[in-house]
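Below are the chains, spelled out letter by letter.
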Amino acid sequence: MITVTNFSKQYKGFTAVKDLSFSVEPGQILGLVGPNGAGKTTTLRALCGIIPPTAGQLLVAGHDIVEEPIEAKQNIGYIPDDPRLFDTMTVWEHLAFTAAAYKLSDFEQTAEALLESFELTHKRDTLVHNLSRGMRQKVAIACAFLHDPKVILFDEPLTGLDPQGIRGIQQAIRERAQAGAAIIISSHLLSLFENLCTHIMVLSLGECRRIGTMSDVVSEVGQTDSSSALEEAYFSLTQQKEKGEA
Amino acid sequence: MDSALLRLLMMRLRGGLRMRLMQLKSLRGLLFFLAFGGIVWLLVVANSSALNPEFLNNGALDRQALSPQIRTFMPLAMLGMSLLTVVLTTGPTFHFSPTEINFLFTGPFRRRDLILYKFSAYVAGVTLSSALITPFAQAQTGSALSAFVASLLTLTFVQLNSAVIGMAGQALEGSRFARYRWPAIALLFTAAVATALYAWVTPDRSVFDLLTEFRHSWIGTIILIPYIVFAELFVAPSLFPHLALWACIAVLINAVLLYVAIKLDALTTDRALKENARQSDRWERIKQGGSFWATQRTEVRSIRRAPLLGGLGPIAFRQTLNAARNSFKVIAVFIGMAACLGPLASAFGVPVTDSRALTMIYIFYGFILPRTLVCDFRGDLSRMEIYKTLPIAPWRICAGQLVAQVLLAYVIALTMIASILVFEDGVDTSVALMFAAFALPLTVLIYVVENTIHLLFPTKLVPMGRADFEFLGRSLVEFIAKTIVVLTAAAVSAGVGLATFTMIRTSLVLPGLASWVTLTLIGVLTLVVMQFAFRRFAVAETVD
Numbered sequence: 001m002i003t004v005t006n007f008s009k010q011y012k013g014f015t016a017v018k019d020l021s022f023s024v025e026p027g028q029i030l031g032l033v034g035p036n037g038a039g040k041t042t043t044l045r046a047l048c049g050i051i052p053p054t055a056g057q058l059l060v061a062g063h064d065i066v067e068e069p070i071e072a073k074q075n076i077g078y079i080p081d082d083p084r085l086f087d088t089m090t091v092w093e094h095l096a097f098t099a100a101a102y103k104l105s106d107f108e109q110t111a112e113a114l115l116e117s118f119e120l121t122h123k124r125d126t127l128v129h130n131l132s133r134g135m136r137q138k139v140a141i142a143c144a145f146l147h148d149p150k151v152i153l154f155d156e157p158l159t160g161l162d163p164q165g166i167r168g169i170q171q172a173i174r175e176r177a178q179a180g181a182a183i184i185i186s187s188h189l190l191s192l193f194e195n196l197c198t199h200i201m202v203l204s205l206g207e208c209r210r211i212g213t214m215s216d217v218v219s220e221v222g223q224t225d226s227s228s229a230l231e232e233a234y235f236s237l238t239q240q241k242e243k244g245e246a
Numbered sequence: 001m002d003s004a005l006l007r008l009l010m011m012r013l014r015g016g017l018r019m020r021l022m023q024l025k026s027l028r029g030l031l032f033f034l035a036f037g038g039i040v041w042l043l044v045v046a047n048s049s050a051l052n053p054e055f056l057n058n059g060a061l062d063r064q065a066l067s068p069q070i071r072t073f074m075p076l077a078m079l080g081m082s083l084l085t086v087v088l089t090t091g092p093t094f095h096f097s098p099t100e101i102n103f104l105f106t107g108p109f110r111r112r113d114l115i116l117y118k119f120s121a122y123v124a125g126v127t128l129s130s131a132l133i134t135p136f137a138q139a140q141t142g143s144a145l146s147a148f149v150a151s152l153l154t155l156t157f158v159q160l161n162s163a164v165i166g167m168a169g170q171a172l173e174g175s176r177f178a179r180y181r182w183p184a185i186a187l188l189f190t191a192a193v194a195t196a197l198y199a200w201v202t203p204d205r206s207v208f209d210l211l212t213e214f215r216h217s218w219i220g221t222i223i224l225i226p227y228i229v230f231a232e233l234f235v236a237p238s239l240f241p242h243l244a245l246w247a248c249i250a251v252l253i254n255a256v257l258l259y260v261a262i263k264l265d266a267l268t269t270d271r272a273l274k275e276n277a278r279q280s281d282r283w284e285r286i287k288q289g290g291s292f293w294a295t296q297r298t299e300v301r302s303i304r305r306a307p308l309l310g311g312l313g314p315i316a317f318r319q320t321l322n323a324a325r326n327s328f329k330v331i332a333v334f335i336g337m338a339a340c341l342g343p344l345a346s347a348f349g350v351p352v353t354d355s356r357a358l359t360m361i362y363i364f365y366g367f368i369l370p371r372t373l374v375c376d377f378r379g380d381l382s383r384m385e386i387y388k389t390l391p392i393a394p395w396r397i398c399a400g401q402l403v404a405q406v407l408l409a410y411v412i413a414l415t416m417i418a419s420i421l422v423f424e425d426g427v428d429t430s431v432a433l434m435f436a437a438f439a440l441p442l443t444v445l446i447y448v449v450e451n452t453i454h455l456l457f458p459t460k461l462v463p464m465g466r467a468d469f470e471f472l473g474r475s476l477v478e479f480i481a482k483t484i485v486v487l488t489a490a491a492v493s494a495g496v497g498l499a500t501f502t503m504i505r506t507s508l509v510l511p512g513l514a515s516w517v518t519l520t521l522i523g524v525l526t527l528v529v530m531q532f533a534f535r536r537f538a539v540a541e542t543v544d
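Sequences listed follow chains A and B, in order.
Residue numbers for the first sequence follow full-length UniProt numbering, so the first one is 1 and each next one is one higher.
Residue numbers for the second sequence follow full-length UniProt numbering, so the first one is 1 and each next one is one higher.
For the record, the hints were derived by calculation from the structure and aren't laboratory data.
Hints may contain errors.
As the list claims (entries may be wrong) - Listed below are several chain B residues computed to face chain A (Cβ distance under 7 Å; list not exhaustive):
#1 S302
#2 A306
#3 R318
#4 N326
#5 K329
#6 S382
#7 K388
All of these numbers come straight from a predicted model, not from anything done at the bench.
Backbone N, C-alpha and C fix where the C-beta goes; we use that ideal spot for every residue, glycine too.
Using the sequences provided together with the hints, build the complete structure.
In structure tokens:
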């Protein structure tokens, strides 16, 4: 569903991502993990067509995001870390806007169901600038789910959410994956990956340090008394490189 | 004032100065600063040439001719501003930012000291504004010093006067006097309408005649006394004793107003906090491309569906809602101003074909309107990510962005044309229809250029403080670039029309049509450039 081949991105001489290759199949949830500046957001932004790649090929549902951007974007749902909604529009109007943009003729029923599942029904006519950050995050997710995308990209999906919201979003992500969506999540919350992800990719300084199933990555490092297995693996993989650089 | 607050003020001033100097360090900042300085210098030179004796025959530029008008109308205009503050209630009192509230309100400072701190900061800003106004005002006042003093004291008065009126209104809220507010406003409004109607039905007396009579009547003089002082600052014949005398009275008035503001502040602290929060929210929205006058309602009735129109619909839908909820009052004000064009031109006896009138109309339509009414890409800089992820072709997104903006501007243009048609002699329906036809492609062209420049060189829409010379320089450079494109397009269009006329020589319809088609084609071509600019627009490149 998602195939990334030799993807590189440079900004004015600085290499943000270098020669990255991976694929995500339907039903899989890939967790992107890495320190600040590792290239996680750049990878997600390139995949959904916000920034053009410097080199490489990014396929979404069989469509190249550079060559066939419209067809590729039809299949993507992207939730940024800081959702910038349209401040003069209500929650419902965001859904109506999304439906029109993705050419959905009968969206009302799905929209109602999404509002209900994210506990936004009573906020339907609220102008979004009056919502809390967590609520805005839920609106962005509802909009991204509305057209039932085959590929969903989350950048820090749990920022600003309350415990109920976190549980709800995690459940929604699982359900989408079970329904056949390929999902990529970028986050600093390692516990989120342990709860959700089927696969993990550790990025450091723009390069892939390790990619594999969750059990493979964790088993390589093993568990210590003081921290979780994934946390141990994360520090082991990212600090190896930093020590090498030093 | 508390010494710590004084120190804070000095550090903030130094920080502001440092920021301006840092702007100058970059090539772009330096170029825009030089552009701004150069244009101001040209204006000053042009303005000072008005003092040349050979120009003194021109009544509009003659100091002696302007002085009676300033004496008559400046106090009236200032009274009008005060009444507007009463109507709006929430005039600018002393606005504290959230940072100031967090740091200073919790600090060991007296409320009086905080007001003095804020007032001092305002005076510092006004000093700079006055220095900028001085070169333009000295032609009227006779010297740079008198122009500076008059501007400084008047601008300080405007702020203090608004603050005191606003605070008095807030202090009276809930008292028995509050119920008289709206009847009093209704009475004043009725009087204004009655005056306008009287002037309308009396051919030999205009509104200006009636206002002049009121200003020079004994009751008018009593009502306008404080405002007359500030008008006299601009028309004082000598620095000493005339200006010195009026300046002393003006300082006294400002001191009394400051004292009253401090006293009233104690009665309105809760309300002031609420107002500060509201003002801060508004400023945040302006920084995001919103409007100061945006709706402050929490909930509105949702529109159930957005139109498709092949991808154009949802974008136009977003911007239409943006205009309706963000800029409704701005649109109403602009339509009102456009409707006043004909009567004003008629009242001043200046035909709209006069070069000065045309320049004013172009500055209004090509600079002030696009800067104030923003419902396109320029207001969505922080939301470009959304547009980039949509499965809609870039040209459709660009066209969709322009629909609401162009139509609204066009409605304002049509209002101006209708106003001219009604009030201007010599403008018949056929000329008005021609103007209306050409106004549409011209409007498209203006906003396509505006958006293209913004997409190629994205920047903030609000200046960083009072003396953001880079912002001012950039605005002027953009305006000049836009004017060059518009004039070139108009020249090419006119050239095609002329060429067609020389070939046919029978009627003006076909040349006019050729000219219109040319202008429209140029508009479409620039849309292609705008689409290119959108495609290459780099959303803030986070490298996380």
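Okay, the hints, checked on the actual structure:
1. Evaluation of the B/S302 hint against chain A yields a held restraint, the C-beta minimum of about 4 Å falling below 7 Å.
2. A cut of 7 Å between beta carbons decides the hint on B/A306: the least distance to chain A is about 4 Å, and the hint holds.
3. Given the 7 Å rule on beta carbons, the hint for B/R318 holds: about 6 Å separates it from the nearest Cβ of chain A.
4. This hint holds: B/N326 has a C-beta 5 Å from the nearest C-beta of chain A, less than the 7 Å allowed.
5. Contact between B/K329 and chain A, as hinted, is not supported at the beta carbon level, the nearest pair being about 13 Å apart and thus beyond 7 Å.
6. Checking B/S382 against chain A by beta carbon gives a least distance of about 5 Å; that is within 7 Å, so the hint holds.
7. Interface restraint check for B/K388: the shortest CB-CB distance to chain A comes to about 4 Å, inside 7 Å, so the restraint holds.
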